[in-house]
Amino acid sequence: MNLIQKARMKSPWILHFNAGSCNGCDIEILSCLTPVYDIERFGAVNVGNPKHADVLLVTGPVNRRNERVLRNLYDQMLDPKIVVAVGTCASSGGVFQNCYNCMGGVDKVIPVDVYVPGCAAKPETIIEGLILGLEKLAKMPSKPKKGAQPAEART
Amino acid sequence: MSEGTSVPFGPQHPVLPEPIQLRISLEDENVVQALPALGYVHRGIEKAGELNDFQQNVFLVERVCGICSSIHALAYCLAVEAVLGLEAPKRASYLRVVWMELHRIHSHLLYLGLLAEAFGFESLFMEFWRVRERVMDLLEMTAGNRVIISVCTIGGVRRDIDAEQARAIREELPKLRDEARRLVDSLLSDYTVRQRTVGKGTIPAALALELGAVGPTLRGSGVAQDMRMAGYAAYGELEFRPVTFPDGDTYSRTAVRAEEVFQSIDLVLAALDNLPEGDLKVGFKGRPEGAALARVEAPRGELIYMVVGNGTKNLERMRVRVPTYANIPALLTVLPGCEFADVPVVTLSIDPCISCTER
Ligand code: SF4
Numbered sequence: 001m002n003l004i005q006k007a008r009m010k011s012p013w014i015l016h017f018n019a020g021s022c023n024g025c026d027i028e029i030l031s032c033l034t035p036v037y038d039i040e041r042f043g044a045v046n047v048g049n050p051k052h053a054d055v056l057l058v059t060g061p062v063n064r065r066n067e068r069v070l071r072n073l074y075d076q077m078l079d080p081k082i083v084v085a086v087g088t089c090a091s092s093g094g095v096f097q098n099c100y101n102c103m104g105g106v107d108k109v110i111p112v113d114v115y116v117p118g119c120a121a122k123p124e125t126i127i128e129g130l131i132l133g134l135e136k137l138a139k140m141p142s143k144p145k146k147g148a149q150p151a152e153a154r155t
Numbered sequence: 156m157s158e159g160t161s162v163p164f165g166p167q168h169p170v171l172p173e174p175i176q177l178r179i180s181l182e183d184e185n186v187v188q189a190l191p192a193l194g195y196v197h198r199g200i201e202k203a204g205e206l207n208d209f210q211q212n213v214f215l216v217e218r219v220c221g222i223c224s225s226i227h228a229l230a231y232c233l234a235v236e237a238v239l240g241l242e243a244p245k246r247a248s249y250l251r252v253v254w255m256e257l258h259r260i261h262s263h264l265l266y267l268g269l270l271a272e273a274f275g276f277e278s279l280f281m282e283f284w285r286v287r288e289r290v291m292d293l294l295e296m297t298a299g300n301r302v303i304i305s306v307c308t309i310g311g312v313r314r315d316i317d318a319e320q321a322r323a324i325r326e327e328l329p330k331l332r333d334e335a336r337r338l339v340d341s342l343l344s345d346y347t348v349r350q351r352t353v354g355k356g357t358i359p360a361a362l363a364l365e366l367g368a369v370g371p372t373l374r375g376s377g378v379a380q381d382m383r384m385a386g387y388a389a390y391g392e393l394e395f396r397p398v399t400f401p402d403g404d405t406y407s408r409t410a411v412r413a414e415e416v417f418q419s420i421d422l423v424l425a426a427l428d429n430l431p432e433g434d435l436k437v438g439f440k441g442r443p444e445g446a447a448l449a450r451v452e453a454p455r456g457e458l459i460y461m462v463v464g465n466g467t468k469n470l471e472r473m474r475v476r477v478p479t480y481a482n483i484p485a486l487l488t489v490l491p492g493c494e495f496a497d498v499p500v501v502t503l504s505i506d507p508c509i510s511c512t513e514r
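For the record, the sequence lines run as chains A and B. In this text, residue positions in the first sequence follow this note's numbering: the first is 1, and each later residue adds one. In this text, residue positions in the second sequence follow this note's numbering: the first is 156, and each later residue adds one.
There's no promise every hint is true.
[What the hints assert, rightly or not] Per the computed footprint, the stretches of chain A lying under chain B, defined by three or more beta-carbons under 8 Å from a beta-carbon of chain B, are: (1) 29 to 35; (2) 54 to 63; (3) 95 to 105.
These are calculated hints, taken from the structure and not from any lab test. Note that the coordinates shown come from a computational prediction; the quantities given were computed from them, not determined experimentally. For glycine and all other residues, C-beta sits at the position ideal for the given N, C-alpha and C.
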């Protein structure tokens, strides 16, 4: 593990996007940031800028309108990056099965690394999902392979 | 429209927990127009409510909005109960009050924290959320889940609060009251906070009524209107007086919510003291036929559910009118004239819940 990888493990920055969720999981993600659960002890900070973030936390089943926003955010994040789908409805559509405007999960739009179950997912579960994601991130090469397309060139 | 600058505010913005976009036209630093662009959270729940079994719908409507979820379930259950001609047992009505008020406490504390964050008072945000965890623990203890508690069901409630749990609630709430009192005092008396909130986004009472504002937005303009006065569930038997503040600005709306935290604590304690013995739910046969309307007070204001049944297990129509929907016109009227830096705070001051609004 080189220095950059080590540094990344100790300060994973988080971008949170609500892709049509009911807020239940979003307030639990916010709870993770606050003193009782305090994911800052893992060096994780919530940032608003996709270009600074290593981890994308997505909640909600993704609908036809925010699909484009979600894809944009994902493309703007630099490699290596991981995506954590928080909540049952982000993982599979969950309770919103019958809703006409739902795509039925984040993995229909962007690749997902970790699925966090629960409706609403508890902060403990979200933290565990984040840690699992970090283990995955640790194994990713810190430089993209030669000849790989930069993120902006993908559509 | 004048030659100004247009700024998109959202859909992904650090202040907003939810995706809504406001297209804001500026002239210098002043907002001249704010146009909302909606649809980022629209899922189609009203239609799904017609495709599901009417008993399954309880779980669906809880996910209209995670912050006031159980209150949606209550409104839906009250509407279906009215169609079926049921009345929930006394004990169930009191238990409903307990859970609804616990939910209101958590929602208001969440709002107060987010407001503090919106003007950069990070430590106060953290403090409010730390206190809020006490309520979340109570919800988890009594209902088994933290946010989506699924306690209401058609004809009553699904869980009981036994003597030991009631004792734990009675012990915990006074502590919460003390801690919240300290935080609220520092929020409401702080010089910087007053500078950011007093006189910002003022909605006069006449305007609020004309635009149909509801809930703390309306009560923050000095109009004493609260659906709990109508006495659904057990509210009719508990002592209750709506909290109002006269000025109509962001500060008043915040103060209303802060005081309602304490009022809700009192209501929970009163409901527990008067908790009657009895059944938790009444059984029923048959399927809903006919239409009914239920109006309840959610943390953000009046929530209306209408259900139309046609004698099958699917509903003919389910209609949801949520409080934020009623408050958005008032917000859009007061945003022009604000300074751009105040837009996040004023927007937050109606405590918008977009996932309710778009369903
Ligand atoms: S998983 Fe459940 S609680 Fe979480 S956002 Fe989806 S519906 Fe809401």
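Here is what the structure says about each hint:
1. Coverage of a stretch by a chain is defined here by at least three residues with a beta carbon nearer than 8 Å to that chain's beta carbons; for the stretch 29 to 35 of chain A and chain B the count is 4, and the condition holds.
2. Restraint check on the stretch 54 to 63 of chain A versus chain B: 3 residues with Cβ-Cβ distances below 8 Å, three needed, restraint holds.
3. Beta-carbon proximity to chain B at under 8 Å applies to 8 residues in the stretch 95 to 105 of chain A; the threshold of 3 is reached and the given coverage holds.
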